[in-house]
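Participant: The lines below spell out each chain.
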Amino acid sequence: MSYTNEDGAMLTADGQPLKRSLATALRRQKIRALLLISPLLIFVLITFLFPIGSMLFRSVENHIVAEILPDTVVALATWDGKSGELPDESIYAAFAGDIQRAAITKSHTRVGLRLNYEKSGSASLFKKTARQAKKWDLETDAPFKEKLIAAHKGWGEVEIWQTLKTHSSRYTAGYFLNAVDMRKTQDGPEFQPENRQILIKLFQRTLIMSLLITLACITLGYPVAWLLANLPRRQSNLLMILVLLPFWTSLLVRTSAWKVMLQQQGVINDILVALGMVEETGRLIMINNQFGTIVAMTHILLPFMILPMYSVMQTIQPTYLQAAKSLGATNWTAFWRVYFPQSVPGIGAGSILVFILSIGYYITPEIVGGNKGVFISNRIAYHIFQSMNWGLAAALGTILLAIVLILYWAYDKVVGIDNVKLGG
Amino acid sequence: MKFTKTVLVTVALSLSTGLASAGAHEEMTIVSWGGAYSKSQLKAYHEPYTAMTGVTIINDESAGTAVAKLRAMKEAGNLTWDVVDVEAGPAMQLCDEGLAMEIDHDTMLAAAPDGTPASEDFGSFIVSPCFIPQIVYSYTVGYRNDMVGSTPPTSICAIFDTETYPGKRSLKKGALSNMEWALLCDGVAKADIYPMLETAEGQDQALAKLDTIKDDVIWWSAGADTPQLLADGEVVMGSTFNGRLFALIEEQKQPVSMLWDGQIYDLDGWIIPTGLSPERQARALDYVKFATDTQRLADQSKWISYGPTRASSAPLVDKHAELGIAMAPHMPTDPANSNNTFLMNYAFWADYKDDVESKFQAWLAK
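For the record, the sequence lines run as chains P and E.
Going by the working numbering, the first sequence opens with residue 1, and the numbers climb by one from there.
Going by the working numbering, the second sequence opens with residue 425, and the numbers climb by one from there.
Possibly wrong hints are sitting among the right ones.
[Said to hold, decoys possible] In silico lysine-lysine, DSS-like type, Cα no more than 25 Å apart, as pairs:
| # | chain 1 | residue 1 | chain 2 | residue 2 |
| --- | --- | --- | --- | --- |
| 1 | P | K145 | P | K106 |
| 2 | P | K106 | E | K493 |
| 3 | E | K790 | P | K128 |
| 4 | P | K259 | E | K677 |
| 5 | P | K259 | E | K614 |
| 6 | E | K790 | P | K201 |
| 7 | P | K153 | P | K135 |
| 8 | E | K614 | E | K597 |
| 9 | P | K82 | P | K201 |
[Claimed, not checked] Chain E regions said to be covered by chain P (calculated; three or more residues, Cβ under 8 Å):
| # | segment |
| --- | --- |
| 10 | 491-498 |
| 11 | 519-529 |
| 12 | 652-664 |
| 13 | 770-779 |
[To be verified] Which stretches of chain P does chain E cover? Using the computed rule of at least three CB atoms under 8 Å from a CB of chain E, they are:
| # | segment |
| --- | --- |
| 14 | 123-133 |
| 15 | 192-202 |
| 16 | 380-392 |
Since the hints were made in silico from the structure, they are not lab data.
The structure displayed is predicted, hence computed values, not measured ones.
Just so you know, even glycine gets a beta-carbon here, dropped at the ideal spot from N, CA and C.
Make the full structure from the sequences, and use the hints.
Facilitator: Given below as structure tokens:
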């Protein structure tokens, strides 16, 4: 029996060409590997990528107006919004029909709410109009222009029609514009009126405060991590437990504890007053402001800084320091020139962790941040839970995600992600 | 082999206990406000109902954001609430949006003991076809006796007077109540407040007045926040629901007094969300029928100082169940407490909540 066929290709024992047989075996292996990771893959797809994807999609999706007022949207296509004149009767009639149908299915409030994000007062306008529109007879009650203006004088203003027309497309960049304090108008993007410009400020505040928190964590965490890595085993174990205990305590408990500590009648103020360092009437305000947020978040995020630093410092050989000293270096030079550079990957890893965690933080600023110490994520939560402006919330979330990715990329360029070590 | 067997047996066991417990325990989620208020409902409604039917009641405390959450649940198609406790305005709003079920009060709720149908017994408190009235309460202000010097405040406008009453004050993190008081204290006549709040200028005027104390305010989002802040001495005065202040003053004996002036009456009641499965809906209706009968409404007033909305419950209001003090003088509607009051305009808030609230929140974030 020969192990080559007539073309001279190698054959296996069962007569298959070797190449094909190897390929089959490899494919089988790949499938097996895929099957093994498939539970995780499916889990990640279903619980992570899919929800994030659909949430991001909401930032451009805008079907409410077109869905609930279809005839009006078609009719408005022929109207020139820039002329400054009210639409004609045919558009009012189309709208009367739409709003009546919407009132019957009780969907008018959704379109009112949608337009209220753009023009304050739209929600009540739609509610009041729909109540009247239910009673109209579409065949005999024309003309509707007067009727609508009588139902609410808002329909006699050009602005509401311009808003309707501008926001009738099925996909929109409007939410992204809103997210950076701009708005979509018929003349293109414009800045919001001054009293509605809050989001860029919030983004800046989030970034600056996260940076401060990261710096505070480095300053406080570095000596602790050094002690952990260099103390004798028994003491370092005890210290490790002290670092981990708060880490295992519920976030809410720790945040509430800071409330008790920092408030005006709280522990710290009481001690300062007892020591005579602060007047009874001049108790410090340390909570419900930025200071409270920074203190509480630094405390909560500190283990995320200490642990990566510790795991890196543990691998630094003490013999290097001894060698440096034996060559005549002072304690400081030995630390700064030999020890510190080797510990930088730990600082990098800790900083990335702390910074990324803190720009997305929500619950701690909400509890101790008051008005001035809240982050952009608190605004996102407000739009998700209260104003129901999910499109804007999604746009803000997308921007936040992009900022994180850009910072990550910049970090990689400047420091190099290979230098980041989470352990070993 | 032995291992596989053990695993199988464990799985089978846990499955069967899981199924058994699902069968024996019926559960329903009731959304309310937490704190002293939820306690009064627990004592007056939940405990007797569970004892009678065996249905376990889960108390969810997110009534403050009920409208938004019900909208979100509809959007997501996942309704987890069975009965929701809301104020009159949000009830009208939810009814308008088709998120709350319309109720036939006479057939679905218990008649008074003398046979008066429910709709007459509740009378004008049925402000919306979806609304099942429960209590009358008020937004009012309490202040620390030891922080106001020798001149305790007598007017609601003390909240804007940071010179006479320095220190933080706690106000609701929302437009409702603050906008009314702001205009009232800016010299607007009571009758003109709601018409003015319908206009952008009126809203701006109210926010401008609030601007004068913005840095002195801690904003609360749960009814229990102000009592806590007052007890800690963190604020000199703060607004909340009158029953919370009753609990703070009478039950916890804190050095706090009521400032009844300018209190804003509101109603609170149940709604049942639309879209429940028939059996869940039947259970929700059964609960609501039980919880709003004459005796039960009167029972709740033994635990908290809110007035029952049934005419037939009023004569049954008696003494506090644990303290033994008469409850009538602590009711917001008692003549001694209601010199200068005003009735919340539910219809206004049902229509304008979204407009005014978004403006207020933008102002707050600045």
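Participant: Any hints this thing doesn't respect? Which numbers, in order?
Facilitator: Hints 3, 5 and 9 not satisfied by this model.
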